[in-house]
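Chains A and B, in that order, are what the protein sequence lines are. Each residue of the first sequence is one higher than the one before, counting from 46 in our numbering. Each residue of the second sequence is one higher than the one before, counting from 99 in our numbering.
Mixed in with the good hints there might be a few duds.
Computed cross-link-like contacts, PhoX-like style, restricted to lysine-lysine with a CA-CA straight-line distance of at most 25 Å [stated by the list, open to error]:
(1) Lys136/B x Lys205/B
(2) Lys100/A x Lys205/B
(3) Lys101/B x Lys136/B
(4) Lys205/B x Lys168/B
(5) Lys86/A x Lys168/B
(6) Lys100/A x Lys111/A
(7) Lys59/A x Lys86/A
(8) Lys86/A x Lys101/B
(9) Lys111/A x Lys86/A
The set of hints was computed from the structure by calculation and includes no laboratory data.
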Amino acid sequence: GAVVSQHPSWVICKSGTSVKIECRSLDFQATTMFWYRQFPKQSLMLMATSNEGSKATYEQGVEKDKFLINHASLTLSTLTVTSAHPEDSSFYICSARDRGNPSGRADEQFFGPGTRLTVL
Amino acid sequence: AQKVTQAQTEISVVEKEDVTLDCVYETRDTTYYLFWYKQPPSGELVFLIRRNSFDEQNEISGRYSWNFQKSTSSFNFTITASQVVDSAVYFCALSELKGYSTLTFGKGTMLLVSP
Chain A
46 GAVVSQHPSW VICKSGTSVK IECRSLDFQA TTMFWYRQFP KQSLMLMATS
96 NEGSKATYEQ GVEKDKFLIN HASLTLSTLT VTSAHPEDSS FYICSARDRG
146 NPSGRADEQF FGPGTRLTVL
Chain B
99 AQKVTQAQTE ISVVEKEDVT LDCVYETRDT TYYLFWYKQP PSGELVFLIR
149 RNSFDEQNEI SGRYSWNFQK STSSFNFTIT ASQVVDSAVY FCALSELKGY
199 STLTFGKGTM LLVSP
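Okay, chain A solo, but in the shape it has when bound (with noise of 0.2 Å):
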C-alpha cells in the first residue's frame, strides 16, 4: 500500500515551453501533496505544499506563476513548469500524505518515483 506514482518519469523539452507533471496517490487519498526539488547532488528542497480544493503554499523564492500547483481531486495533483528554461532542468519529485492516518501512517510522506526535467 501507499503507492505514489509519478507521470512522466522524464521529459525533455525545448525552452519556452511549459511541462506538466502528474502526481497520483494510487491506493490512498491525500488531502496533501508536497513538491520538491533537486539539482544534480544536492538535497531535495520543499518547492510548495498542495491542499485539495484549495490554494498551494509556495516557498519562499519559488515563483508561483511559473511553477502552477493545481490539486482537484484527493488522488490527484499536478505540477506545470510554465515557460521553461534550461535553469529549471532538475529532478522534481512529489509526496503524498495519507489522509486516513491508520495507525503507524500519521504524518508520514509516500515519495514518488521522480520526473527529470531536462530543458533544451
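Chain A is already provided as a structure; the job is to place chain B on it using the hints.
Same frame as chain A, now just chain B:
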C-alpha cells in the same frame, strides 16, 4: 527554524566494513519526527525509518541500526557489514508534528561501497 546537518558529504568504504552516517538537527519544537531515506542512483527515495522525539530507544533492523541521542540532537545511522548495494545517497530529515508537517532534509551523505 528547523535545520538538519549531515556533515559527511561522501564516505567510501570497502565491503563488509561498518559505517556510521551522522545527522545533527535543530528545532524549537519539543515534538517532532526524524527520518532516514536512501536514494539509489535511480533517484527514487526509499523510506528507512521514522523516529518520534519521545522515543529515544535505539533501533535495529537487520544490518541497519539507529542511535537517537536527544541530549546531543543527533540521529546517527550505522550500516553493519556494508555491501555494494548499500551504495547510495542517504538523507536525514526532520518533520514537525503541526501544520503541514513539512520535511526538512539534510544535504545528504553519498556512501560508496566498493567490492
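For each hint, the structure was consulted:
For the hint linking Lys136/B to Lys205/B, the alpha-carbon distance of about 12 Å falls within 25 Å, and the restraint holds. As the CA atoms of Lys100/A and Lys205/B are separated by approximately 29 Å, the hinted pair breaks the 25 Å bound. The hinted pair formed by Lys101/B and Lys136/B meets the criterion: a straight-line CA distance of about 19 Å does not exceed 25 Å. For the given pair, Lys205/B sits about 21 Å from Lys168/B by alpha-carbon distance, which is consistent with the 25 Å threshold.
Of the supplied pair hints, the one linking Lys86/A and Lys168/B is violated, its CA atoms being roughly 29 Å apart against a limit of 25 Å. As the CA atoms of Lys100/A and Lys111/A are separated by approximately 14 Å, the hinted pair is consistent with the 25 Å bound. Of the supplied pair hints, the one linking Lys59/A and Lys86/A holds, its CA atoms being roughly 24 Å apart against a limit of 25 Å. Of the supplied pair hints, the one linking Lys86/A and Lys101/B holds, its CA atoms being roughly 19 Å apart against a limit of 25 Å.
Taken as a hint, the Lys111/A and Lys86/A pair is honoured in the structure, with Cα atoms around 24 Å apart against an allowance of 25 Å.
Violated hints for the displayed structure, listed by number in ascending order: 2, 5.
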